[in-house]
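Quick note: the sequence shown uses the numbering used here, first residue 72, plus one each step.
Derived by calculation from the structure, the hints in this document are not laboratory data. Accuracy of the hints is not assured; some may be wrong.
[To be verified] In silico DSS-like cross-links for lysine-lysine, where the CA-CA straight-line distance does not exceed 25 angstroms:
#: 1; residue 1: K138; residue 2: K78
#: 2; residue 1: K117; residue 2: K78
#: 3; residue 1: K167; residue 2: K81
#: 4; residue 1: K140; residue 2: K167
#: 5; residue 1: K81; residue 2: K133
[Unchecked claim] Pairwise CB distance ranges (calculated):
#: 6; residue 1: T86; residue 2: T147; range: 20 to 26 angstroms
#: 7; residue 1: T73; residue 2: P109; range: 19 to 25 angstroms
#: 8; residue 1: K78; residue 2: G135; range: 39 to 45 angstroms
Treat the numbers as computed from the prediction; the structure is a model and nothing was measured. Just so it is clear, CB atoms sit at the ideal spot from N, CA and C, and this is done for glycine as well.
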Amino acid sequence: MTEELHKYLKRLLPTVEGLQCVIISDRDGVQLVEAHQPDAPAATLKPPFLGTFSIATEQASKLGIGKNKAIVSYYTCHQVVQFNHFPLVVTCIASKDANTGLIYSLEEDMHEAISDLQAAVNVP
72 MTEELHKYLK RLLPTVEGLQ CVIISDRDGV QLVEAHQPDA PAATLKPPFL GTFSIATEQA
132 SKLGIGKNKA IVSYYTCHQV VQFNHFPLVV TCIASKDANT GLIYSLEEDM HEAISDLQAA
192 VNVP
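Starting from the given sequences, assemble the full structure and let the hints guide the process.
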């Protein structure tokens with residue numbers, strides 16, 4: 072299952088110019104599957120960075136306007152788009168000039184692709 076998902080993620084990378092990395096992790100930031108270009112920023116591939124989404128999405132959901140589905144963060148050289156697929160987090164890391172809308176549009180296709188992994192991790 073994860074090998075097929077890895078191949079799928081590798082095929083996604085060239086579909087958006089500037090997309091450097093797609094990571095599927097658990098809520099604690101532990102990577103389950105990832106695909107990245109050689110120029111992907113190393114610090115963003117580590118659990119401490121990936122795990123911050125859980126905290127941020129939890130706080131954003133407390134604003135009283137519904138459950139948080141995604142967070143977009145812009146940095147000096149990169150942007151990070153993270154999607155909430157409880158209990159999984161999908162993190163897309165791209166250059167600052169990448170088209171954020173195109174990255175965001177990948178989410179619907181990814182939802183179907185990760186559904187088996189999501190069910191396997193979501194054991195009650």
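Cross-check of the supplied hints:
| no. | hint | in the structure |
| --- | --- | --- |
| 1 | K138 - K78 | violated, 30 angstroms |
| 2 | K117 - K78 | holds, 21 angstroms |
| 3 | K167 - K81 | holds, 20 angstroms |
| 4 | K140 - K167 | holds, 21 angstroms |
| 5 | K81 - K133 | violated, 35 angstroms |
| 6 | T86 - T147: 20 to 26 angstroms | holds, 25 angstroms |
| 7 | T73 - P109: 19 to 25 angstroms | holds, 21 angstroms |
| 8 | K78 - G135: 39 to 45 angstroms | holds, 41 angstroms |
Violated hints for the displayed structure, listed by number in ascending order: 1 and 5.
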